[in-house]
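Peer 1: Now for the letters of each chain:
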Amino acid sequence: MKNLKAIIGLLLLFSAQAYAGGVEDDPILAKVMGEVEIRKVDGSDPRVWNIDAWIGKDLEKLWIKSEGEMVNGKITESELQLLYSKAIEPYWDIQYGIKKDFKPTPSRVWGVVAIKGVAPYLIEVDASAFIGKSGRTALRLDAEYEYMFSQKLVLSPEVEINIFGKDDEATSTGKGLSNIDVGLRLRYELSREFAPYIGINWGKKYGNTATFVGNEGEDIEDAQLVTGVRFWF
Amino acid sequence: MNNKLLSRRQFVTGVTMGAAALAINPSILFAGVSGKNGLNTLTGSVFNLNIGEQAVNFTGTQRKATTVNNSLPAPLLRFKEGDDIVLHVTNHLSEPTSIHWHGLILPSEMDGVPGISNDFYGIKPGETFTYRFKAAQSGTYWYHSHSGFQEQTGLYGPIVIDPIEKDPVAYDKDYVIMLSDWTDENPMDVYAKLKKLSHYYNFNERTHEDLMSDIDKKGLENTWNDRKMWNQMRMSQRDLSDVTGYTYTYLTNGVTPDKGWIGLFAKGEKVRLRFINGSAMTFFDVRIPGLKMTVVSADGQNIDPVSVDEFRLGVAETYDVIVEPKDDRTYTIFAQDISRSGYARGTLTPDISMIGEVPELDVVPNLTHSDMGMDMSNMSGMDHGSMDMSKPMKGMDHSKMNMPGMDHSNKGRDMSTMDSMVMHADTEFGPHVDMRSESPQYRLDDPGVGLRNNGRKVLTYADLYNLNMTHGYPDPDREIELHLTGNMSRYMWSINGVKFADAEPLQFKFGEVVRITFVNDTMMNHPMHLHGMWSDLETGDNMYIPRKHTIIVQPGAKISYRVKVDAKGSWAYHCHLLYHMLSMFRRVDVV
Numbered sequence: 002m003k004n005l006k007a008i009i010g011l012l013l014l015f016s017a018q019a020y021a022g023g024v025e026d027d028p029i030l031a032k033v034m035g036e037v038e039i040r041k042v043d044g045s046d047p048r049v050w051n052i053d054a055w056i057g058k059d060l061e062k063l064w065i066k067s068e069g070e071m072v073n074g075k076i077t078e079s080e081l082q083l084l085y086s087k088a089i090e091p092y093w094d095i096q097y098g099i100k101k102d103f104k105p106t107p108s109r110v111w112g113v114v115a116i117k118g119v120a121p122y123l124i125e126v127d128a129s130a131f132i133g134k135s136g137r138t139a140l141r142l143d144a145e146y147e148y149m150f151s152q153k154l155v156l157s158p159e160v161e162i163n164i165f166g167k168d169d170e171a172t173s174t175g176k177g178l179s180n181i182d183v184g185l186r187l188r189y190e191l192s193r194e195f196a197p198y199i200g201i202n203w204g205k206k207y208g209n210t211a212t213f214v215g216n217e218g219e220d221i222e223d224a225q226l227v228t229g230v231r232f233w234f
Numbered sequence: 132m133n134n135k136l137l138s139r140r141q142f143v144t145g146v147t148m149g150a151a152a153l154a155i156n157p158s159i160l161f162a163g164v165s166g167k168n169g170l171n172t173l174t175g176s177v178f179n180l181n182i183g184e185q186a187v188n189f190t191g192t193q194r195k196a197t198t199v200n201n202s203l204p205a206p207l208l209r210f211k212e213g214d215d216i217v218l219h220v221t222n223h224l225s226e227p228t229s230i231h232w233h234g235l236i237l238p239s240e241m242d243g244v245p246g247i248s249n250d251f252y253g254i255k256p257g258e259t260f261t262y263r264f265k266a267a268q269s270g271t272y273w274y275h276s277h278s279g280f281q282e283q284t285g286l287y288g289p290i291v292i293d294p295i296e297k298d299p300v301a302y303d304k305d306y307v308i309m310l311s312d313w314t315d316e317n318p319m320d321v322y323a324k325l326k327k328l329s330h331y332y333n334f335n336e337r338t339h340e341d342l343m344s345d346i347d348k349k350g351l352e353n354t355w356n357d358r359k360m361w362n363q364m365r366m367s368q369r370d371l372s373d374v375t376g377y378t379y380t381y382l383t384n385g386v387t388p389d390k391g392w393i394g395l396f397a398k399g400e401k402v403r404l405r406f407i408n409g410s411a412m413t414f415f416d417v418r419i420p421g422l423k424m425t426v427v428s429a430d431g432q433n434i435d436p437v438s439v440d441e442f443r444l445g446v447a448e449t450y451d452v453i454v455e456p457k458d459d460r461t462y463t464i465f466a467q468d469i470s471r472s473g474y475a476r477g478t479l480t481p482d483i484s485m486i487g488e489v490p491e492l493d494v495v496p497n498l499t500h501s502d503m504g505m506d507m508s509n510m511s512g513m514d515h516g517s518m519d520m521s522k523p524m525k526g527m528d529h530s531k532m533n534m535p536g537m538d539h540s541n542k543g544r545d546m547s548t549m550d551s552m553v554m555h556a557d558t559e560f561g562p563h564v565d566m567r568s569e570s571p572q573y574r575l576d577d578p579g580v581g582l583r584n585n586g587r588k589v590l591t592y593a594d595l596y597n598l599n600m601t602h603g604y605p606d607p608d609r610e611i612e613l614h615l616t617g618n619m620s621r622y623m624w625s626i627n628g629v630k631f632a633d634a635e636p637l638q639f640k641f642g643e644v645v646r647i648t649f650v651n652d653t654m655m656n657h658p659m660h661l662h663g664m665w666s667d668l669e670t671g672d673n674m675y676i677p678r679k680h681t682i683i684v685q686p687g688a689k690i691s692y693r694v695k696v697d698a699k700g701s702w703a704y705h706c707h708l709l710y711h712m713l714s715m716f717r718r719v720d721v722v
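Protein sequence lines, in the order shown, are assigned to chains A and B.
Numbers in this note's numbering are just positions in the first sequence, counted from 1, shifted up by 1.
Numbers in this note's numbering are just positions in the second sequence, counted from 1, shifted up by 131.
In isolation and in its complexed conformation, chain B is listed as follows (with noise of 0.2 Å):
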């Protein structure tokens, strides 16, 4: 049934596989959309970026984008730690624009979101406004429209600070892979239909085969009631994404799956690979078969590297990993979307005639009652165990972590207590809220749905360590409990129950620390983006911490982080999917 379906889909993106892939003359491949393979890159401190409309056939149909400087995805930018950074950036389009810098602190003036960031009320047709900020950090960062839909139309680029201090990473080679969706249709349309009918883009619904094979499987009796409480709830298991390859065409850095993006190497190289998810609306879920990637930065931020075999990767989330090809011969970069209707893909190779097999999309996978925030002890059938976080993570190496005394196991928070009930506020009672997580679980281990015991290392949350010693962290002096709310059929989304246009803002005092602890009420994966400040993420962990700024909150889910609120000025602090975004969405304002 899938693979009928597929082939129907790759029909109309223009997705080929396999044997197809294989027939394309080589010679072409580096004759990407833009007739380039990948980026361009400005180098330096100073930087002229056009915002204008450009030409684009990604489909077979030619289509207007939103470019800089006529290059999708947008130059990537590449800074060196400290330097004072100035990008003048010219509007040519007939409409305002903006560009946000996603990840990297500076002041609310250069923050580039319309009528929030102080004194910016976006870039109006033919206006030039200058950004000047310091590069204060090193890493691998993005940068992207704020305004409109234009974030869906081609407006993101990746933004990389190498360190003025030595790299802890070594590496011989450095790639950028910045993945993304591309739309044929008007986003105002792809937001409309989803409010026509929120299961339009959907088509891996479970379906009359599915049926036949869970009543073999299981028997009528059992079948009937595992479906009992979706059906009661009038929600699909199948609910993964909302807009999937039935429109969108993947990208990686601006090349599409047929004509495959291309990284050379010498083998014995170490490479490194910076992920980057520029896309409007999807999680993709990484690996390259054949080698293990060793994931040392997290959202640009150094974490102690922890090899895996897999990775997801939130929208707006960045990782960097290093692989070592040891053999002459091409490796797949391959990202499936997460509700497997689609893929981005790349090539390794030593040599650029050479072309790599791609693998098939994995099953698609059910939502389990843990994504409903139900108390999964109750549950049979499970496939995710209760969490214990007093228990040593496998795979992580805490041999540099013993010191005498230190008690790293369990330090800070019992995480156990943190499963305990949850309280709704009023506001999240009416027709706009469709669900109410009952026990929402902190669950950091979970590698989330359609990646639970996939037989392959999959990176959590809980594998990340902060590379350097956050010891002296301050205990949060208050705690704030966000509640990710949303009726899925009518494609309402908000935070409390209050979308954004009705909602106050969020006060935070400078100089406090804040924990703020989200429960998702939805049974979709929500990667929220504070502006201005860190998202440093409770592991159990205080002595490592690792700094985010995009947390993903996995459905029926609770997870808290801690910020420091060393940033005067307002703030904007949103879900990262791009639909999403329009209502679960807040200011916030440090006084």
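Just chain A, with the same shape it has in the complex (with noise of 0.2 Å):
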């Protein structure tokens, strides 16, 4: 029987604690959440995934965050994060940890303090700030909204702004300013943990961010249909 399985290994793990009824009430967990979607512009159609997880109990966890985009089946951005997440308040928690930038080269490997949770109005943050190599350092501002149309229908407006203290031209990234993110979703929820959902994307990059970009002949500005999934599990 799985159910006694589980009871059973869980006792096994505590079984130096007598709770009530035998069950340690704050267990460790894992939980795994991401979006994966297809991002349409003309040709390319990167794929773009934005994966965390965490595992730990009630008020510390350990926190993966990673996310990346692929073009024609090659990696063209990608980080990962490596965080010990603290909860300090009953809707905050502080992280800390390190970030790589995979892609793009040169790699870039940076300290993050970060602030998440949820602000009043019930609007999820994500706020880090990171201090990498020779005096570089960014701060990200991650918000998340959703509007419930139905309980199986949501959608979210979410923004992501991107901030340097310096010029990192290897990386064509910008001081100040350097980029802004803005997405709609509607997604529609089959099940709590899967939900298949359409939306739009538009991003610009601004200062010298824009500059470099544009020297590469890129986009500055663009504007992308997505379609894509919510899982988690």
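Rather than coming from a laboratory, the hints here were simulated on the basis of the structure.
Heads up, simulated SDA-like pairs for lysine to any residue below, C-alpha to C-alpha not over 25 Å straight-line: (1) B:326 x A:155; (2) B:324 x A:54; (3) B:324 x A:191; (4) B:695 x B:641; (5) B:327 x B:315; (6) A:75 x A:222; (7) B:359 x A:152; (8) A:176 x A:207; (9) A:75 x A:52; (10) B:324 x A:51; (11) B:327 x B:498; (12) B:297 x B:602; (13) A:87 x B:324; (14) B:326 x A:119; (15) B:401 x B:301; (16) B:326 x B:362; (17) B:297 x B:209; (18) B:588 x B:399; (19) B:327 x A:232; (20) A:176 x A:140; (21) B:324 x A:230; (22) A:153 x B:354; (23) B:324 x A:34; (24) B:326 x A:230; (25) B:326 x A:154; (26) A:41 x A:72; (27) A:153 x B:341; (28) B:349 x A:121; (29) A:134 x A:207; (30) B:327 x A:160; (31) A:75 x A:215; (32) A:153 x B:347.
As the structure is a computational prediction, the values presented were derived from the model and not from experiment.
Could you fit the two chains together into a complex? Lean on the hints.
Peer 2: Printed below as a string of structure tokens:
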């Protein structure tokens, strides 16, 4: 019996403690959650992923955050964060750790401090500060809201803003406001855990980032139709 | 919107309603899940109970349940008051088990809570434990496992103890109605899902349609203001039940709503219905359209009879009611869950070929500011005014209480002073607590969210008067204030902000009278159960204090009861919601 195994497993794990009913109230759990999508642009149609995972207890967790983009089977952007997360307020966690940008090359490594949680009016916020080598610094703000058309049809506006402390021409990032991405996704929850969606994504580069990107002949502003799935388990 | 949702959920849980129910051939009505209509009964003073696994199918999918003598619910045990009861309980599971006799006054050694009851560490696989105690009381009670999540998987059953003396309640027929919630999911998975996404089972959130209708009715500004606090606090006004009909099939004596439990009557008979809530997580709102119910007993203890249309049955509570069907027709016992996501049902009928109509679920209610522990006097648009305990209660028969010189209108404490400001301990501040009541109200006469002003006479705790006088009840020697705390979105629960694993036991002195005051700093109802001793509810009338074993503490509210500390040993004291119990729990040592 699967049921039994799970309970026995937990009992073994925490057998030293005699809790009410014999079940640990704060078991070690893990959750993986993310979105993978195709963005419709002339020709290339990049695949974009944004997948996070945590393992841990109520107030302390290890977090992994991963995002990136693949064009024509080749990864063009990718980053991975490994963070220790501690609850500091009912709705807020502080997270520390490291981030590595694998692509574009040359790769960059950053130290991370982030505040993640839910702001009043139920706005989900992830605000990160990054410190890299050679005095490089960066800030990122991610915010998302969920508007429920029905119990299963959910519209989520989302914004991401990136700011850098100094120019890094090798990775096409410029000092100051670097880029703003705004998304609007409409998902239908086939189950709590699985929801296909459609949406639009608009992005614009600013300042020196726009210059660097422009020099490479890429768009500094683009809007895309997106289709994807949102999932967790 | 709700109708659409319901039809989906009915599909999921295999519930059918109305016309579909009419189509069922009556001959299969008695063929419940285990091939029977309701309960097996064991009567006497010596019992053999075998705990094991049993295949069940409530939803179209076969699952394993934890059962007693292959029965779900476990057999109805019928004792005689005063008898010495012997129960040999054998564990055929591959994990430890236990049975707790809920509401029975007995020695700690026999109370059945592993690791807390004196010298009791659970019943190991293959072992037999013999419980011995005197049936010291009469009335309707129940029993259930106190190990793991076995209560969710079926280990619960009714107890009826017949009185030695003549029963003050007259009746011709006697039925136990045990309500419960069944899920095909592994309870550990349910708990994990709640931790990962606390609103996982809530499919009655406020949505676009509801927002537009509010704006239509009240205008944009008022709508914004009405919802402002909820939005700022990041809380849902529809946070009514953690686990809902999305996964639960609600059972009446182990029978699903589409099959329907049946009780026969002859017209003119007095029928006693003993309602027991044996759920893991579900509060039921119970009514029988077309019949008045006279509540004669609460938690097994006789009360001054009170006639109602409806009552809320918290997890682990029991109420006995008398109904007198006057016509040759069917009556549906309709028990909708507090979040209006499903129902349990039964039918009282003079003829098993007759099928009753099933009412629609009520509209999904919104929690109000009072449910947040806000001071209601400053709020407009509240549906529950400030409470005045000095006014006579409607519908009560006070005639026999009119003794000369007795002022029962405001005896004892002045309840109005109880609605004062409240202090919160340092331990209540931090990431584990998302709310603290600013001004919790003593809301005995509040029927609770979803039942206020619904046009029906709904039982409240203010209607409960002990059938016997409690004259001379000693005043409390001291008061213990306990705050029910939690963080809904992290799905953490605690008392005074401290979870059981980190808490020191509460110390009660043998012989003292303690006043327990609960303050609910959450938006959920918590049914609090003290083992081993009665919870004597402070209603403001000390002459007729009702006794209970489980007391609902309403969201954002405050409630007090007295405990005569007359039982030595160690006892469990906890919220009876199964997934809260792991941490919203205290050990009580009586020394």
